[in-house]
Amino acid sequence: MRLPPQPDERIDREAAIPFTFHGSRVTGFAGDTIASALFGEGQRVYSRSFKYHRARGLLCCSGNCPNCMMRVDGVPNVRTCVTPLHEGAKVEAQNFWGSLDHDLLTLTDKVGGPFTPVGFYYRTMIRPRRAWPLYERFLRSVAGLGKVEKHGGRTRRYDVEHRRADVLVVGASEAGVESAREAAGREGRVVLVDNGLDPLPDLEGVEAVRGTAIGVYEGGLVPVDAGTVLHRYRAGRVVVAAGAIEQPLLFPGNDLVGVVLPEAVRRLVGRWSLRPGARAVVVSADQRGLETVSLLEQAGTEVAEAVDLRTTRVREIAARGRGGRVASVELDGKKLDCDLLVMSGGRQPAYALLAHAGASVEYDPGRGIFLTSAIPQGVDAVGAAAGDGVAAAAPSATYNGASGKGKCFVCICEDVTDKDVKRAIAEGFDSIELAKRYTTVTMGPCQGKLCHLPSIRLYARENETDEASIGTTTARPPWQPVELGLLAGRPHEPAQRTSIHHRHKELGAKMMWTGTWRRPHSYGDPSGEAKNVHDALGVIDVSTLGKLVVRGPDAAAFLERLYPNRFGDMKTGRIRYGVLGSDAGRIMDDGTIARLAEEDYYVTTTSTGAGAVLEWFEWWNAVWGLDVGIANVTGALAAVNVAGPHARELMSRLTDLDVSNDAFTYLDAKHAHVAGVPSLVLRIGFVGELGYEIHFPSPYGEHVWNSILERGADLGALPFGLEPQRILRLEKMHILVGQDTDSESNVFEASMPWIAKMDKDDFVGKWSLERVQERGFREQLVGFEMANGVVPPEGGQIVVDGRPGGRVTSSRWSQHLGKAIGMGWVPPELAEDGAEIAIKVDGSVERAHVRLRPFFDPDGEHLRT
Amino acid sequence: MSFLLPCPNCGPRPVDEFSCAGEVTVRPQGAPSLRELTSYLYFKRNVAGVQREWWCHRLGCEAWFTAERDTRTNEVLSIDVPEPAGPAAPDAPPLPDTPAV
Ligand code: FES
Ligand SMILES: [Zn+2]
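For the record, the sequence lines run as chains H and P. For the record, in the first sequence the residue sitting at position 536 is 536 according to our numbering, with numbers rising by one throughout. Quick note: to get our numbering, add 1000 to the position in the second sequence (first position is 1).
Excised from the complex, chain H in its bound form:
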């Protein structure tokens, strides 16, 4: 049902757009929003209110209130009055029980009861305590606006884009367009952001963007909500031209369906050729409201009365409804029947973005509005947002909610009435910031756009003071509702693969995450893979290890200062295990350090610690200013570890090195060609068997890997993954930093006292380690084996005298040893070989015995021969 064509209408009557409302087929026209199309179909009730489930209809028609929020294509809380209609849209109203027009929970509106007064959930529902889960379930089911689709997780994709602007103008109002035009061609890149319904202006030298600026952050950061993309603008200068917001009046029944702000009339009639009602009353405190009279007449709406509150004093306004829709209004007792009540309390500049930027907000008693001042550098306000041409808002005299003629809403988002505000004041919430949190006024979807000014007016009046002394609450982003998905964005987790990745997949590896790396967990048989290392020959991809080259005249001094270990006395071609600590003595990382030449060290770190160690090295280098350079070669080099009794035989086939035990001893580092590839070979043994770690240029990853498996096939060479590696290293009681240690661990209590060379002059952490020696140990990291073969959970509790006394950090079943073994922290008095400890496993307590030496090959014969 549309009016005859209007002069400025924006609908294309030739282009019908079908969509569904609660499953029924309905139509609108191109140029409609969802709400206007529904209005054209006769819909007047758009939603049910937050608490009382009162019927609500189009109030502002400009995206400022909660009333038209619906679920569109599964997305809740879409403001339909500003959402262009699209074909096939699936639209549903929300927040009603039963039906939209007859909501069962409107009972809470009529009978009140315990669920309605402000703060009721703080007071009413706390007793009896036991019943809280029941209360909570009920509250959760009835509270809130809209429902998130349970399985809607991946149905919409959001992205973030980083953009730059020299000038960013927010709002294509006249003043905004003018500012953009002025800046164009003079100030570099000019961007104009607007969220209106009209086509974006086409200005030379200005990029116009459809979207909503949701905040202004420091550094000129302005996130712009563009639907499913968040543009993070960095602007040299931000111009806020966000306009002003029409304010409602406070009177009983001010939320009834059919009570509207002037802009609703403008848009319904002017834009969409809809007749807003049959008989209207206009009550306005500014010209904009009165201007609707001619529009209404043009639309064939009879105007029963138009009152200019600036010239006519009305002491009491009360709207009455039938079925939630306005039926009449009483002006000082004079009853006028109507189905449309246009109210206007003047306009308030939209200052929120300016306040985000740090401007101060003060009440101007002369004009009756809040204005900004002290706007920080780099931000400007223009047009109505700056207060230009904004008429004074309504005098507080129109407020008369006390007359007992129905509910008078201060905040329609959260269903807060004047009574609630008065109650809050009576209860002592006399500061506006506290009252905001208690009553939740301004905390709903409108973010104070329609309730901030009226609530402060009411506050001032009830406290018998003025608005200026009540002040305002802090405005925080976002200033328009924004989908959470948009803020979360699409997670761009970096994933790193080694150069041998595809071979692992072909070999059937089960992959897992370690930090940002993808690594083989195993190739299907962890304990079999571990066994093969003990019995024959295993190969594991350790390319993920952090690899740093430390070189320069001060390289040795640098490492000696950084590590508790000693490195200066190392012979060229030798390797040492090092543990990196902080000045507080805490273990940060571990790895091997090989001296390749007098001034040249090759340092490996844990796979996940590479970045942090590099940063740590660079930092201390900056602090100390030593003559040393550090290069990160983690990605440049691949590495594999071959381990097992046949490792030497394999190496002799792959290199022309003399790999005899005398020529290439344990902890030697040598340059060699492995399978023809120039490599650095480290003879080390993390997994407890004779082993060689081969580092070589990444591009040769697959070649070296394949060569090992081919040339070692008759030796039983098989790949092994991270899980078997963990079993093997646990058999050797080799720690995993971050698994067996935490941010409190030091090398002494972690049972590696030989690491710390306390006679060195200084090293990072030395003084704190001295304190540890002085104060004595509080706990100690030890190994344990279970008495009856049960594997306790990692993180499980070690019980001492019936109380928690320690914790399990690692535990595995070792097929090779036929035992359940582990490591954990125990009180120092229990750190004795053979001491009996108790560990909680699934509610029962199991016996275990402390072991201080490696479970497997305690003397390291396998490694050394």
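The hints are all genuine.
Once the Cα atoms are required to be at most 30 Å apart in a straight line, the calculated DSS-like pairs of lysine-lysine come out as:
| no. | chain 1 | residue 1 | chain 2 | residue 2 |
| --- | --- | --- | --- | --- |
| 1 | H | Lys766 | P | Lys1044 |
| 2 | H | Lys334 | H | Lys422 |
| 3 | P | Lys1044 | H | Lys757 |
Derived Cβ-Cβ restraints for the label pairs, each shown as a range:
| no. | chain 1 | residue 1 | chain 2 | residue 2 | range |
| --- | --- | --- | --- | --- | --- |
| 4 | H | Pro199 | P | Ala1048 | 44 to 50 Å |
| 5 | P | Ser1039 | H | Glu829 | 29 to 35 Å |
| 6 | P | Thr1071 | H | Asp859 | 55 to 61 Å |
| 7 | P | Ser1039 | H | Ser527 | 48 to 54 Å |
| 8 | H | His162 | P | Asn1046 | 27 to 33 Å |
If you want the ones that stay clear, here's a sample from chain P, every Cβ over 10 Å from chain H, calculated:
| no. | residue |
| --- | --- |
| 9 | Glu1023 |
| 10 | Lys1044 |
| 11 | Arg1045 |
| 12 | Val1047 |
| 13 | Arg1052 |
| 14 | Glu1053 |
| 15 | Glu1068 |
Rather than coming from a laboratory, the hints here were simulated on the basis of the structure. The structure presented is a predicted model; accordingly, all values stated were derived computationally and were not measured. Glycine included, each C-beta is placed from N, C-alpha and C at the ideal position.
Please build the complex by placing chain P with the ligands on the supplied structure of chain H, with the hints as guidance.
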């Protein structure tokens, strides 16, 4: 926090590209007393005002530098790059000893 921090190499960049190692402290020399040690480790001055602090352009060029920042406004007043040591450092960039591909 979304202010821009000027990296000596990359220019003004969003602060979330950097890591901050806190205020510049003086590491005690010799054998510090327990009090000296704990105040170095745990008691930061944490001023409301201008503070000199360590920053690293972690997601960029990885350079460490110090910045004077007003902790109340996040205004960065100046930055300073520590002198590289020794003539060898700038013109002899370290390269891995393993031959290039
Ligand atoms: S009617 Fe749509 S937001 Fe107010
Ligand atoms: Zn940089």
